[in-house]
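2 protein chains.
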Amino acid sequence: MNKSSVKELLQSDKFLQEVQVNGWVRTFRGNRFIALNDGSSINNIQCVVDFENLDDALLKRINTGTAVNIKGTLVESQGKGQSVEVQVSELNILGDSNPEEYPIQPKKHSLEFLRKNAHLRIRTSTFSAVMRLRSALAFAIHKYFQENGFNYVHTPIITGSDAEGAGEMFRVTNFKQNQAPLNDNGEVDFSQDFFGKETNLTVSGQLEAETYAMALGKVYTFGPTFRAENSNTTRHLAEFWMVEPEVAFNDLDANMDLSEDFIKFVIQYVLDNCADDLAFLDNRLAQEEKSKPQAERSKLGLIEKLKFVVENNFKRVSYTEAIDILRDCKPNKKKKFQFLIDEWGGRFTIGTRTLFS
Amino acid sequence: MNKSSVKELLQSDKFLQEVQVNGWVRTFRGNRFIALNDGSSINNIQCVVDFENLDDALLKRINTGTAVNIKGTLVESQGKGQSVEVQVSELNILGDSNPEEYPIQPKKHSLEFLRKNAHLRIRTSTFSAVMRLRSALAFAIHKYFQENGFNYVHTPIITGSDAEGAGEMFRVTNFKQNQAPLNDNGEVDFSQDFFGKETNLTVSGQLEAETYAMALGKVYTFGPTFRAENSNTTRHLAEFWMVEPEVAFNDLDANMDLSEDFIKFVIQYVLDNCADDLAFLDNRLAQEEKSKPQAERSKLGLIEKLKFVVENNFKRVSYTEAIDILRDCKPNKKKKFQFLIDEWGGRFTIGTRTLFS
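Protein chains in written order, with the numbering used here: chain A, 190 to 546; chain B, 190 to 546.
If you are wondering where the hints come from, they were derived from the structure by calculation, not from laboratory data.
Keep in mind that this is a model prediction, so the values were computed, not measured.
It cannot be assumed that every hint is accurate.
Any copy will do: because identical chains look the same in the list, a pair fits if it lies in one copy or spans two.
Simulated pairs of lysine-lysine, DSSO-like, Cα-Cα distance not exceeding 30 Å [to be verified]:
1) K481 - K494
2) K305 - K488
3) K488 - K296
4) K365 - K488
5) K296 - K386
6) K365 - K386
7) K196 - K453
8) K332 - K494
9) K297 - K332
10) K305 - K386
11) K297 - K249
12) K192 - K453
Put together the whole structure using the sequences plus the hints.
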């Protein structure tokens, strides 16, 4: 008998057929109802155990986190909240979960707690939804560019050049720290390091992507990028994945068209392909909004916001108009810009990191 | 008038229509025939210039490598070797190319020469074909996994762990070389480095991928990986992109099914989508084979080899059978294995690097 994923079973209408599914127990209620998840969907499949015919010792091993193999019959569910369920005919424990030790219990965990249990946090609904969305977004990025004649380029991660002067760099070396050989001037002799010179982790693949665009016409990069700035804010990451398209012969209008079309495509892709995960996060965020004062609540829900982006044309403004907008958009009058970006000719930086002090 | 790519024009049958195309001149014959390429295809579009009505000074600027904008009429070609061509009505130079300095001339260049001109080598037919294939293969890898329920995971590049002990690692640091602070024992105080400990470039995303597979069920990584071994052979790379799938609950047979299905899918994808590039490389390799003695020539051409993989079942052998095969497969009697891998229980390593001395 072929194994099915939870997602396949939830979408199936082949009732009264024998099925087999592997997964992890999310909850086990009343010695009867197993909510089983295998990561294929935010939703669980309900598996109904005939506890009178199951060994007591086996029943006691069915805990949150237990890995099980279940065989049974797919039936229309009589209960609320699901359309199908599995009537269990055989249950095998593949991996035990000790309820005294297993940290991901069916209750609300703080993000701080989950950070300390990073290897298991993906078993929570929130993290699994986010990671499935991240995967779908990454694929949508590739799909968009490939369908529009772009070639994917893997630019070097270890580099001897400092593209853009975009930020502080991590050094990559084969030397032992504090034991590098010196040259005649008493300086570190990087000619003896692995690549024969000082090397760093890349801050941008743009330089190499441009040389490829000058031959292949339309290219994009999508790979890890690094910043060694010691800035522990929510706006800073030491390691992140960046997308950089480069198109030969594009003018500014064509670049703006590309940006807008690209953003809309990837958002539409997850609206089409990750509806369950988005609905879960939409609902979760709506609950959090309710705890805020009325005036601070977001006017649009998550899915509404995404649809708003897809369904509207992007406003295109000149630099001068942008300055005017910045003058008007300070979140409140007490805040000041850290740099004078709201004056014509003032400092202008990529991203939002330096916008507000 | 919308711009078209060379690939679009070559596939078009909209004759007698006005078209516009940008690209780089590959060759310019008899003051009349421009072979134009924009990287969208291995093939050029022939653009026919009416030299009697063009300014002499302009004609002289049309050299190999010159970037041009061409407007004209798409017509059925009268010449051999192409089905369509553009009768040029207007030609604008977007970027000059000095024939005294531009290194990629229409002749055969050695790979060594192209290595020294790496920023321009993608303008050659061979490199552009290889890079378009690489891009298509990368996308096929994503497409295969996404269509089969896998989630893409970006595992950390900078890591404090040594997965598998798979090889020597590059160290990543924010310390200045030879100027790191010491602790009370006179050792380098890595607690003061960027991440508060000694960190390296990853040799494998497997450890993190496994934790994700234990929650999302089916995951894959596809990202850069590093080896700091100072081994300058054709089998060693300091930086390379690696694919690592991890599936919860898979047994060995399921893993072998996955490997075979995956390999066949990505090869079939390029056979279907990169026929022109493969035909070019097939032809190029066939020419090289002809220069070899009859006995050393490959029996199958490139495309035949790829079809052979797709159209046949993979042989699955036990470890014991593999040892027997290794005993029989030494390429010639003079060669010996560097390690005793052709004896039961002998050293076994990942990849082919240590197979032959």
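For each hint, the structure was consulted:
1. K481 - K494: within (19 Å within a copy, 64 Å between copies)
2. K305 - K488: Cα proximity of K305 and K488: none, with 33 Å in one copy and 57 Å across.
3. K488 - K296: This pair counts as within: shortest intra-copy Cα distance 29 Å, inter-copy 64 Å.
4. K365 - K488: neither (55 Å within a copy, 49 Å between copies)
5. K296 - K386: Intra 53 Å, inter 34 Å, cutoff 30 Å: neither.
6. K365 - K386: This pair counts as both: shortest intra-copy Cα distance 15 Å, inter-copy 14 Å.
7. K196 - K453: both (27 Å within a copy, 26 Å between copies)
8. K332 - K494: Both. Shortest intra-copy (23 Å) and inter-copy (28 Å) distances satisfy the 30 Å Cα cut-off.
9. K297 - K332: Cα proximity of K297 and K332: none, with 36 Å in one copy and 35 Å across.
10. K305 - K386: Cα proximity of K305 and K386: across copies only (17 Å, versus 39 Å in one copy).
11. K297 - K249: So K297 and K249 pass the 30 Å test inside one copy only (24 Å; across, 74 Å).
12. K192 - K453: The answer is between: 23 Å across copies meets 30 Å, while 36 Å in one copy does not.
Of the numbered hints listed earlier, those contradicted by the structure are 2, 4, 5, 9.
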